[in-house]
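> Note that the protein sequences, when read in sequence, are chains W and A. With this note's numbering, the residue at position 206 of the first sequence is 206, and numbering never jumps. With this note's numbering, the residue at position 139 of the second sequence is 139, and numbering never jumps.
Misleading hints may appear alongside valid ones.
[Unchecked claim] Quick list of in silico lysine-lysine cross-link-like pairs, DSS-like style, CA-CA up to 30 Å:
1) A:180 / W:311
2) A:180 / A:294
3) A:206 / W:10
4) A:92 / W:311
5) W:109 / A:180
6) W:292 / W:240
Hint data in this document are derived by calculation from the structure and do not stem from the laboratory.
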Amino acid sequence: MNEIIFFINKVLISGMVLGSIYALGAVGITLIFGILRFAHFAHGDVMTLGAFVTFVLTSFASAAAASMGIVAPIPIPILVLPVAMAVSAALILGIDWGFYAPLRKRGAKPVTLLIASIGVALMIQGLIRLFSGVATRTFYADVPKPIFRFDMSFMGATRKIIVTEPQFWMVGLTLVSVLALHFFLTRSRLGKGMRAMADNAALAQVSGINTQLVIRVTWIIAGALACLAGTMLALDVTLKPDLAFNIILPIFAAAIVGGLGHSYGAIAGGFLVGFAETMAVFNWAVLLRPFKDAIPEWVPNNISIVPTEYKLTVAFTILIVVLLVKPTGLFKGVGS
Amino acid sequence: MIARTVYFYIALLALFIVVGMVMGAPFTLRLLVEAFALSLIALGLNIQWGYGGLFNFGVMGFIMVGGFAVSFVSVPVNMEFWNSDGPVMLLKAIAAAGIGAMLIMGANRLRRMGASPTWSRTAQVTAWIVAYIIYRSQIDPAARYIEAEAGYVGGLGLPVILGWAFGGLLGAAIAFMIGKIALGLRTDYLAIATIGISEIIRALIKNMDWLTRGTLTITPLPWPVPRPQEYQEWGADSTMSFIYARAGYLAIVVVIVLVALFLIQRAYGGPWGRMMRAIRDNHISAASMGKDIKARQLEIFVFGSVLISIGGAILISFVQIFDPSAFQPINHTFVIWVMVIVGGAGNNFGVLFGGLFIYTIWIISEPVSQAMFVNISNMSENFGWGAIPDIESRSLQMRVFVLGLVITLALRFAPNGLIPEVVHRDKE
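Just chain A, with the same shape it has in the complex (with noise of 0.2 Å):
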């Protein structure tokens, strides 16, 4: 197994450095910055679905969520809205939000305190539609007011390190409070309701115009090591000025990378990650060995979605914009899942294969189709038949039949990945 290893990461290599040759090194490095993010978000998955085995179809939406924590932080800091009424009525919003929470805490109260069921349901729907009421009466009016007066409310203007840190934390707080809801479904519900609560977030994401902006984007988000720019102000070149930025760059999401790495290794080895697999395979054995099922799912989804959102996060300060409408289920959860699945699931070394290999074939596909179909292109007209037309848009549509392809090709001849997990068996 680990030949099998050092063989397809040495073919990886080789693989790199034929793009490199082929494409240049600006593009290169672009893309290993690229993949390594989004290898931190495969390794988040994999966590979630190779460890434990929870079905999580929300990638996007905790991909999104680090994406706004780290814009919400590191963006300058907005003037215009602090020298508002803004705050103050955000403040007031915030207020009707807790006093709604507690009325909501209220009446699940009611049930221990002796009420009938039929009343403590009705109290507790009560309570919800009485919270939103009132969130709504103050939320709608500051939100109008911010978007009208100061655009947005802006950032806090912190290092960027921060915000990749903030988005880890906002994407425990969201993955605790979905995990709550919805780890107690069974497998397919439970990916149709992360597949919705992704959705929903990217709808919050999308129209909260107010606080990220919406549509408009933020635009450019800093980064935590000099930018082309700066080089350039200080006398490189316009493409070494690329390279040595994105080498910085990829220097430090390396460094991420290979500690989460370390450290998801060891988990997995350990007592922890013993007992993970153990209630992956069998919840019920597990559980009457003692493990509490729900509260180590729990924890698992939550250790699973910091990754994702982080990596989310230092994907979007480097495509330096933030463009709620440009995530899509197909580029942010199935290639990801693409990723786990022809890496090899539960094996932490195969879902980093995966994902630095199919981004690197995700994008190199695009030059690649696009040559491929002009060249058909080209060959029906040479016949008579006249060249097909939009040819340009529609060859980069294969991708997307590819990388269905893939995936049941993947299911139906290597269902454990190129580099399964190694399953010890104790010696008889």
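Bound-form chain W, shown alone (with noise of 0.2 Å):
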């Protein structure tokens, strides 16, 4: 039973810990691409600058409340964060009002708003990292990270199954803003409006949608979701300038294989990418220990799909793999 508890801690709980910051990501990505057709590089470093919100304010926060004698009753951190994704929200207005609506006042390409992105994305980083320094911070360097284990004894495991509290706070979160943002686009009259433009924006300028206020719906949402995002991985690793910045391929992989522009294949492709990088570098011959006599000797005692160290190009094979089979991705994104 050890065997299936590890499996379980190893695979499928880092896979939806991972698939949740990923289909976090890949929402805004998709969204943004849907709305205004270019693919946002500087999307990493904004989940960082969200995630560095949060610190900021956590800390004045609990601050605050040490002074007032306040024990939160949940972590100070998730208290925040609406107000984080405001100030993060407003941020991306920010930037696009300075850096992107220019451009495309002036009718440039797609390509150049491209490059424009990674320019945002190397300011940002080198803005966080000039106020911040370099070092690695962590939310929990007062408290410790509250960790629950669960008693698998009746199974017969001795092992136990290992979740930390904000891990349960990441899913449980991502689920509430998935749902959210699905009422959203089929319900409400703005969000109906979002998907007519990414369907066809100038079939929607006609038919008198705002497009203005749609493009700055897309980026409050795609800056909010990214911030929760940032948070949540800053909780769940540690915060470092360059936290999102390795992260941003594999969530333009999950973005594509969702097919871009098409919101629920982000999510799907998120939690896609991550499972499969869990399950990729996963020495799946632990499984076969229990029947250790029944299986021959040359069987080796590692089977990986991947060595460990190249966890990182999984999320990159498989975005290839799924540009030369499925282009539109696993759901049908916008073409063009």
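Quick one: dock chain against chain with the hints and give me the complex.
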């Protein structure tokens, strides 16, 4: 039984956690692509920025709470998250106003906007490093990270299923935001306008949809979700300036696998890439151990699909295979 | 336009003279060698992006390929490896890879031999999996054995120039494969795919310890000209030895860059260059004139990658250390893009100017920003606010910000670069 618990810990839980982060990031990428038709490379750094905003707010809030003697019922980072999401949305609106809107007004090609987004990514990264230094920070410097251990002895296992508190929050909040996004896109007037604009921008404008408002709402949603994803990633691991730079490519892979411009596809793609990464580096020989006596000698005791150090390449390989075999993604994304 | 070009180059010369007077000759010569090597890389990217409109965000990958090639060719032979069982095991792994490739090719043929689509698809997937397992079953023990017995494969001990040529060749081969796979993609997809591929190349080079020594790094790499140590043995003092050695290296690099510039400038003006621009500006009308778009784009991708890889090889030889973990997309992909965009995509003289200018700014911004920030820190100390902590490491990060700012400003205010491409129109 221990082997199965090990599998759950190593593959299912980590895959779920990675998948949630990828999905939240990929939704933003895919929305921006659907509405504005360019690949927003600065998204990973917007995630980092959001995490830093949360970090700063958390340190203020915990100082205030400590001075007033209040004990928060839920973790402070989660408590300040709505504020941080609002701040990030405002920041990304400012970025759009300052850097992308002038280019759009000039009628620049999507390629130009893509390069501009790389410039924005470098600027955000530079500013974060300037103000925070290059050190690694953690939200759990003063308090230990709460860890839940589920006893599985009734199934005859001595190992325990291990989940940390932020991981619970992460999966829960991802679910909530995905549902909220779903209802927004299908029920509200503005959401329907967004889908219309993603389908055909010119037609949407002619039929009286306020395209400028739609663009603003897109940035707000993308910025808020990026802040959520970044904060969750920082809570799960640590906070560093290049936190999201390494994660932007798997997120793009997730968005493309799901079909660029397709929000549900991005969520599915996020979980697919997350699980694929954890499953590819998992040592499957562990699951064979209970049958040690039955299997022949020549079976090696380490059967992982790729060595651990190649974990990053899994997402790219999936990406390239999908681009070759089914360029529109698993769900049909926008073409053009 | 010619006058504008000349003014910019005169200004650049003045900048080099100022840098040389402030920082000293050895520093300036090092800067110039690296700037010219990076300019060669930028010229390669200019062929791809400026001539052909192809998005290549995998510049870092090709630089690493060039670096690997030159270190493999020029480093002395590792006798421990050749005397062990390593070569035989590697031969087996290569044979396994060959068998796998044959399996895959066979599976690809099935469709033409009349198998149903479902069957041939299944056979292809199975062939890929079986090929991967066969290859892994041979390469894993070989890699473990070589790393334990001999450290790594070692080099071939051949002249450095051959290594540079081999870098170009290897870059061409890899670009051909990537181009075959990725060039059908639209621009944004191509950008993401090339970034992904360059990260895969980095992961491979970093982790194939048996071949590249990975993070243990290969050092020192030989030079094609006498090194400072050799001049010192011949009796030159320390400063002069650096000047002689680096000036010698610089001469070779400048000759290579000028030859490349001459060739690609000729190609730009000729029918081939016109065809490439036609494809870039409107590939549908170019296709209707009978141009084979895919083949031409593949051609230009390979040519550009050859220059990038050679430039990378020259750069790595010069710094004498091949360290896979020192490569970052910021320093090796995005800076090159800034050089091309700021210089003027499509104009070789503009790109050469951009390469030399941006790299000089990139290098001297380090001491300048440090001096600036130390001053700010002192000011805040005088105000009684206390010094800013870790000022030294923080000020360095300003470069990343400035780089981003330059990209966005250039796109907004000078979208065609400082020395833009000249578009000739027929007189009416």
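> None of the hints should be skipped; say for each whether it holds.
Hint by hint, here is what the structure shows:
1. Restraint check for residue 180 of chain A and residue 311 of chain W: satisfied, since their Cα atoms lie roughly 25 Å apart, inside the 30 Å limit.
2. Taking the CA atoms of residue 180 of chain A and residue 294 of chain A, the gap is about 9 Å. The hint holds against a cut of 30 Å.
3. Between residue 206 of chain A and residue 10 of chain W the CA atoms are separated by roughly 25 Å; this keeps the pair inside 30 Å, and the hint holds.
4. With a C-alpha separation of about 26 Å, the suggested pair residue 92 of chain A and residue 311 of chain W falls inside the 30 Å cut-off, and the hint holds.
5. With a CA separation close to 25 Å, the supplied pair residue 109 of chain W and residue 180 of chain A stays within the 30 Å bound.
6. Of the supplied pair hints, the one linking residue 292 of chain W and residue 240 of chain W is violated, its CA atoms being roughly 43 Å apart against a limit of 30 Å.
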